[in-house]
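*Asks:* So the protein sequences, as listed, match chains W and E. For the first sequence, our numbering assigns the number 1 to the initial residue and increments by one for each residue that follows. For the second sequence, our numbering assigns the number 320 to the initial residue and increments by one for each residue that follows.
The hints are simulated quantities; they were obtained by calculation from the structure and are not laboratory data. These figures come from a predicted structure and were not determined experimentally. It cannot be assumed that every hint is accurate.
Unchecked claim - Using 20 Å as the maximum straight-line C-alpha spacing, the simulated DMTMM-like pairs for lysine to aspartate or glutamate come out as follows:
hint: 1; chain 1: E; residue 1: K374; chain 2: W; residue 2: E209
hint: 2; chain 1: E; residue 1: K540; chain 2: E; residue 2: E525
hint: 3; chain 1: W; residue 1: K2; chain 2: E; residue 2: E432
hint: 4; chain 1: E; residue 1: K325; chain 2: E; residue 2: E350
hint: 5; chain 1: E; residue 1: K374; chain 2: W; residue 2: E173
hint: 6; chain 1: W; residue 1: K2; chain 2: E; residue 2: D436
hint: 7; chain 1: W; residue 1: K5; chain 2: E; residue 2: E350
hint: 8; chain 1: E; residue 1: K508; chain 2: E; residue 2: E398
hint: 9; chain 1: E; residue 1: K479; chain 2: E; residue 2: E504
hint: 10; chain 1: E; residue 1: K479; chain 2: E; residue 2: E350
Here are the chains, one letter per residue:
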Amino acid sequence: MKSRKILLLYLLLLGAAATFGLCFGPVKISILELLSDENSAILHLRMMRVILGLVAGAGLAVAGVIFQGILRNALAEPYVLGVSSGAGLGAVLALFFNLSVKSLPIVAFAGAILAMIIVYQLAKINGQVSTQGLILSGVIVGAVFSSLLLFFVSISPNEAMHGITWWLLGSLEAWDIKLLVAVVILVSIGIGVATFFSRDLNAISLGEEEAGHLGINVPLVKKILFVVASLITGSIVCVCGIIGFVGLIIPHAIRAVCGSDHRLVLPASALSAGAFLIFADTLGRTIMPPVEVPIGVITALIGGPIFIILLRRKQRSPL
Amino acid sequence: MTDIIKVNNITSGYQNRPVLKGIDFSIQEGEFFGIIGPNGSGKSTLLKTLSRSLKPYQGNVHYQQKDIHAISAQELAREFAFVAQDTVFNFSFTVWEIVLMGRIPYIGRMRPETPHDLEMAKESMRTTDTLALANRFIGALSSGERQMVLIAKALSQQPKVLFLDEPTSHLDIGHQVKILNLIKELNQKHNITVVVVLHDLNLASEYCDRLLLLNEGRVYKIGKAEEILTFQNIEEVYKTLVIVNRNPITKNPHILLVRKEKT
Numbered sequence: 001m002k003s004r005k006i007l008l009l010y011l012l013l014l015g016a017a018a019t020f021g022l023c024f025g026p027v028k029i030s031i032l033e034l035l036s037d038e039n040s041a042i043l044h045l046r047m048m049r050v051i052l053g054l055v056a057g058a059g060l061a062v063a064g065v066i067f068q069g070i071l072r073n074a075l076a077e078p079y080v081l082g083v084s085s086g087a088g089l090g091a092v093l094a095l096f097f098n099l100s101v102k103s104l105p106i107v108a109f110a111g112a113i114l115a116m117i118i119v120y121q122l123a124k125i126n127g128q129v130s131t132q133g134l135i136l137s138g139v140i141v142g143a144v145f146s147s148l149l150l151f152f153v154s155i156s157p158n159e160a161m162h163g164i165t166w167w168l169l170g171s172l173e174a175w176d177i178k179l180l181v182a183v184v185i186l187v188s189i190g191i192g193v194a195t196f197f198s199r200d201l202n203a204i205s206l207g208e209e210e211a212g213h214l215g216i217n218v219p220l221v222k223k224i225l226f227v228v229a230s231l232i233t234g235s236i237v238c239v240c241g242i243i244g245f246v247g248l249i250i251p252h253a254i255r256a257v258c259g260s261d262h263r264l265v266l267p268a269s270a271l272s273a274g275a276f277l278i279f280a281d282t283l284g285r286t287i288m289p290p291v292e293v294p295i296g297v298i299t300a301l302i303g304g305p306i307f308i309i310l311l312r313r314k315q316r317s318p319l
Numbered sequence: 320m321t322d323i324i325k326v327n328n329i330t331s332g333y334q335n336r337p338v339l340k341g342i343d344f345s346i347q348e349g350e351f352f353g354i355i356g357p358n359g360s361g362k363s364t365l366l367k368t369l370s371r372s373l374k375p376y377q378g379n380v381h382y383q384q385k386d387i388h389a390i391s392a393q394e395l396a397r398e399f400a401f402v403a404q405d406t407v408f409n410f411s412f413t414v415w416e417i418v419l420m421g422r423i424p425y426i427g428r429m430r431p432e433t434p435h436d437l438e439m440a441k442e443s444m445r446t447t448d449t450l451a452l453a454n455r456f457i458g459a460l461s462s463g464e465r466q467m468v469l470i471a472k473a474l475s476q477q478p479k480v481l482f483l484d485e486p487t488s489h490l491d492i493g494h495q496v497k498i499l500n501l502i503k504e505l506n507q508k509h510n511i512t513v514v515v516v517l518h519d520l521n522l523a524s525e526y527c528d529r530l531l532l533l534n535e536g537r538v539y540k541i542g543k544a545e546e547i548l549t550f551q552n553i554e555e556v557y558k559t560l561v562i563v564n565r566n567p568i569t570k571n572p573h574i575l576l577v578r579k580e581k582t
């Protein structure tokens with residue numbers, strides 16, 4: 001089957017990125033040396049980064065694909081929609097009020113859902129959600145939530161929190177192992193649910209009424225998928241902060257290569273976005289040592305221009 | 320002839336704005352049923368209410384003696400198919416992918432299409448003469464071709480009833496006739512009941528077994544073309560002066576409009 005081969009290719013790409021991520025860093029270590037006892041600490045650290053990169057990339061790409069499908073808008077993405085900032089604010093508030101680490105994903109999820117609802121309602125005029133309206137309200141809600149986030153970080157009595165700039169710039173350095181495990185589980189469940197509804201997503205991306213005529217319970221599927229995408233985004237933001245544009249660049253590239261069938265777009269985007277984030281992170285660590293370029297900066301530098309090109313193309317023709 | 324769809328006294332519309340008031344009629348099995356009326360008279364709203372996209376505030380729509388809102392969406396999608404007006408495609412699906420989506424009501428989640436599904440999709444592309452377009456992207460087609468593909472998708476649902484909302488708008492006269500001939504063929508050979516909203520009264524006259532003339536959200540009259548398309552009815556509903564002739568070959572009513580300064 002053709003799609004199996006494509007997925008295998010992306011899996012290989014992911015393997016290559018993971019190997020690259022393990023071997024490269026401030027110090028370059030070959031695979032064999034890496035496996036020796038003296039380097040086990042480095043291996044462990046880098047392994048965590050690779051795992052987090054995979055999970056964050058896969059999750060953000062799947063969340064992006066979900067938002068694009070149900071909003072029928074190829075520019076929708078957790079960061080652009082302000083959902084990431086909502087999740088970030090939630091997570092910072094949880095830390096500010098000294099809630100347990102376990103509650104972080106839940107509070108971040110609440111922030112993500114809240115942002116999504118606000119953006120959707122702001123963009124909805126006469127029952128219609130326009131591209132421009134959606135992007136504008138997403139950017140504005142994102143900006144408001146980000147500034148609130150910074151404010152709470154700055155007034156926090158917790159000294160450790162003051163150093164946290166990574167909420168806004170993103171970082172793949174897992175700061176709590178248990179949290180990482182919880183996030184891996186939540187994101188995997190989210191991706192599973194999204195895959196379960198991939199054919200529904202195909203139909204909904206043709207139009208809500210169209211999907212209804214194909215026997216799909218559109219309001220229910222939409223709600224479930226909104227929750228799933230917000231949950232994925234919320235969990236990822238808890239561990240690695242706000243990483244923008246991944247959910248935009250990767251699905252767009254995948255659609256250009258593999259077409260629009262979500263049964264292929266979802267897994268292919270997840271695999272290649274994982275590879276992409278691992279690669280971008282390794283680049284950020286090695287490009288100008290000892291300074292580590294935050295991963296959010298790298299994805300923004302790549303994603304920003306692509307976003308503008310897409311937006312301009314969309315304004316020229318609605319198709 | 321038995322009634323396949325029965326509409327019982329429906330009031331329907333959108334959030335606090337009733338468009339249709341007290342509509343009561345039925346459609347017979349195997350019929351080519353046309354809905355006509357001026358802009359804003361509620362044609363599309365009626366079609367949406369009949370096909371379950373819109374729930375009426377009052378009254379109900381029965382399909383084979385069952386309230387359509389008591390039938391599951393998936394079950395109904397195997398009986399009803401809908402060809403919408405001006406479908407906008409935001410994603411570049413291929414024609415084959417679109418037509419195959421018509422099989423969604425028959426396929427379980429997480430299961431691939433069966434050979435039967437593939438065959439049904441191919442069959443409907445053969446019927447609509449779109450097989451050659453299979454690998455093209457839907458956005459790259461002409462509006463005539465796109466309409467054919469949407470009909471192919473509807474056909475692969477194997478519907479008993481086919482709803483079409485102005486299937487010939489924006490099409491040239493050649494494509495208008497091509498599409499309606501195809502729908503007529505489906506109606507007669509495949510025994511699919513057709514419910515179609517048409518703007519063009521002459522096309523409605525030529526193709527429909529019966530017409531429902533809507534006026535301001537109410538049924539003005541239902542009947543055969545010669546009973547509905549009289550100059551009195553058209554003047555009253557469309558507020559415009561026309562001459563009604565006969566098509567010399569088919570003997571169906573033919574409407575001619577008259578320019579103002581000539582009256």
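*Asks:* Now, for every hint given, state plainly whether the structure supports it.
*Replies:* How the hints compare with the structure:
no. : hint            : in the structure
1   : E:K374 - W:E209 : 13 Å, holds
2   : E:K540 - E:E525 : 18 Å, holds
3   : W:K2 - E:E432   : 15 Å, holds
4   : E:K325 - E:E350 : 13 Å, holds
5   : E:K374 - W:E173 : 52 Å, violated
6   : W:K2 - E:D436   : 19 Å, holds
7   : W:K5 - E:E350   : 49 Å, violated
8   : E:K508 - E:E398 : 17 Å, holds
9   : E:K479 - E:E504 : 14 Å, holds
10  : E:K479 - E:E350 : 11 Å, holds
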